Amino acid sequence: MNETGNTFDKTNALTTPLDRTLRRPSWTSISTEVDNLVAKKKLIQSNVSILESFLLKIAYKRSIHSTAFDDQFIPSLDDLRISFSEDTSEKVMFPNVTYCGDDNYGMPRSENLAMSDKAQTALYEYVTKIASMYRDIPFHNFEHASHVTMSANKLLNRICTPYEDEDEEDTAARTFGISADPLAQFVAVFSALVHDVDHRGVPNAQLVAERSMLAIQFNNRNVAEKRSITLAWNVLMRDRFRELQSLIFVNAYEMRRFKQLLVNTVLATDISDKERSAIGKLRWQEAFHPSQSSLLDEESSNSRFDDASLRSLKATLVLEQIMQASDVAHTMQHWKAFTKWNKRLYRELSKGYREGRGSLDPREGWCDGEIGFFDFYIIPLAKKLKECGVFGSAASEYYGEIGFFDFYIIPLAKKLKECGVFGSAASEYYIPRVLGMGIKCIP
Numbered sequence: 313m314n315e316t317g318n319t320f321d322k323t324n325a326l327t328t329p330l331d332r333t334l335r336r337p338s339w340t341s342i343s344t345e346v347d348n349l350v351a352k353k354k355l356i357q358s359n360v361s362i363l364e365s366f367l368l369k370i371a372y373k374r375s376i377h378s379t380a381f382d383d384q385f386i387p388s389l390d391d392l393r394i395s396f397s398e399d400t401s402e403k404v405m406f407p408n409v410t411y412c413g414d415d416n417y418g419m420p421r422s423e424n425l426a427m428s429d430k431a432q433t434a435l436y437e438y439v440t441k442i443a444s445m446y447r448d449i450p451f452h453n454f455e456h457a458s459h460v461t462m463s464a465n466k467l468l469n470r471i472c473t474p475y476e477d478e479d480e481e482d483t484a485a486r487t488f489g490i491s492a493d494p495l496a497q498f499v500a501v502f503s504a505l506v507h508d509v510d511h512r513g514v515p516n517a518q519l520v521a522e523r524s525m526l527a528i529q530f531n532n533r534n535v536a537e538k539r540s541i542t543l544a545w546n547v548l549m550r551d552r553f554r555e556l557q558s559l560i561f562v563n564a565y566e567m568r569r570f571k572q573l574l575v576n577t578v579l580a581t582d583i584s585d586k587e588r589s590a591i592g593k594l595r596w597q598e599a600f601h602p603s604q605s606s607l608l609d610e611e612s613s614n615s616r617f618d619d620a621s622l623r624s625l626k627a628t629l630v631l632e633q634i635m636q637a638s639d640v641a642h643t644m645q646h647w648k649a650f651t652k653w654n655k656r657l658y659r660e661l662s663k664g665y666r667e668g669r670g671s672l673d674p675r676e677g678w679c680d681g682e683i684g685f686f687d688f689y690i691i692p693l694a695k696k697l698k699e700c701g702v703f704g705s706a707a708s709e710y711y712g713e714i715g716f717f718d719f720y721i722i723p724l725a726k727k728l729k730e731c732g733v734f735g736s737a738a739s740e741y742y743i744p745r746v747l748g749m750g751i752k753c754i755p
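Take any residue in the sequence shown, note its place counting from 1, add 312, and you have its number in the numbering used here.
Don't read these hints as lab results, they were simulated from the structure. Don't take every hint at face value.
What the hints assert, rightly or not - Within a straight-line C-alpha distance of at most 25 Å, the following computed SDA-like cross-link-like pairs (lysine to any residue) qualify: (1) K698 - D477; (2) K695 - H601; (3) K586 - D687; (4) K430 - S558.
Since the structure is predicted, the reported quantities are computational estimates derived from the model, not experimental observations.
Build out the structure end to end from the sequences listed, making use of the hints.
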């Protein structure tokens with residue numbers, strides 16, 4: 313049922329914009345493992361369903377909460393602009409009101425609450441438009457974006473589900489307000505969907521080395537990520553998506569929070585940004601290990617935070633961890649997923665190298681590089697998922713998979729190389745097979 317009380321036929325209402333999109337030439341850029349319209353259509357529908365579930369949470373909260381609606385809200389030029397000129401990390405505030413009363417939590421309970429036909433059509437069109445802007449490359453394609461979105465959805469659902477001995481207010485406290493903030497939850501899955509829009513299939517360092525127009529536009533930093541944010545935001549701001557905009561934010565404050573969280577979460581996926589990574593480590597220590605604040609200067613100690621600001625910093629950091637973990641979720645999932653996506657990444661980097669868009673041949677040092685990636689990024693990330701305390705059993709599930717690599721697979725691969733009996737075959741044949749890289753395999 314929609315607001316008018318009429319029965320809503322999703323199939324009839326939503327196939328028109330989808331079919332129209334299918335006829336566009338840009339649809340061929342949506343790369344999937346099974347290259348057919350059925351597979352692509354399923355990906356579209358999956359992403360729409362995920363986004364819709366969080367939009368309904370936003371609508372439900374507004375329906376029972378005193379949100380300041382502005383029917384005549386017209387964004388200012390500043391509201392419409394995406395800016396990367398300032399650090400927004402500690403400015404994203406999670407409203408205290410999220411801790412008030414049980415009715416602010418959970419999924420919509422009213423059967424009469426649903427998106428309008430027009431809004432659902434707009435959401436469907438937006439997702440198909442974003443899908444068509446992904447390039448036909450082996451790894452950073454629309455299927456990857458969909459995988460990241462589904463992973464983010466899973467993690468969010470895990471942290472927002474109360475433990476057996478919790479009520480919903482306890483859950484909000486444990487998650488630093490995230491479970492009671494549907495706008496923040498929506499941004500997480502939205503960011504996952506758009507985080508690699510128009511990715512060129514080469515690292516940021518290559519775009520900078522080529523002195524590309526994108527690198528110049530974004531001052532040689534977070535080039536691909538800023539490009540994706542800008543494209544996704546500009547599409548969302550089109551007049552045809554006014555109905556969708558009004559579901560996401562109803563005033564300037566919500567619009568500003570949406571932008572801040574969007575920028576934060578997508579930029580968090582640029583793990584090659586050493587400066588941002590270093591700052592992130594300090595912020596994590598400041599938020600979750602205040603007893604070690606002696607390692608920081610006096611101005612950086614968490615005593616400068618009041619309770620609300622510290623809670624907001626923790627929530628922001630957790631959302632970034634969700635995004636980072638989702639972006640590399642294949643490394644924390646079952647073996648089949650790991651090998652599938654690792655092979656794709658190898659093919660994408662190899663393609664760039666063959667085209668002269670990379671100085672390193674992926675065949676040289678690929679195995680050592682993957683071991684280093686687990687040692688210095690994946691394993692520490694999995695540990696953070698566990699230590700921040702918001703994920704409950706989900707952290708153990710993820711860390712359990714990582715522990716298998718940490719304590720068995722990676723040491724085994726290192727020993728195979730160190731013992732010397734395999735010679736060059738250790739790096740070229742056997743270790744890649746152990747790690748599932750799929751470059752070459754012995755019979």
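Here is how each hint holds up against the structure:
Proposed proximity of K698 and D477 is supported: the alpha carbons are some 19 Å apart, at most 25 Å. Distance hint between K695 and H601 is fulfilled; the C-alpha atoms sit about 14 Å from each other, no more than 25 Å. Distance hint between K586 and D687 is fulfilled; the C-alpha atoms sit about 16 Å from each other, no more than 25 Å. The straight-line distance between the Cα atoms of K430 and S558 is roughly 12 Å, inside the 25 Å bound, and the hint therefore holds.
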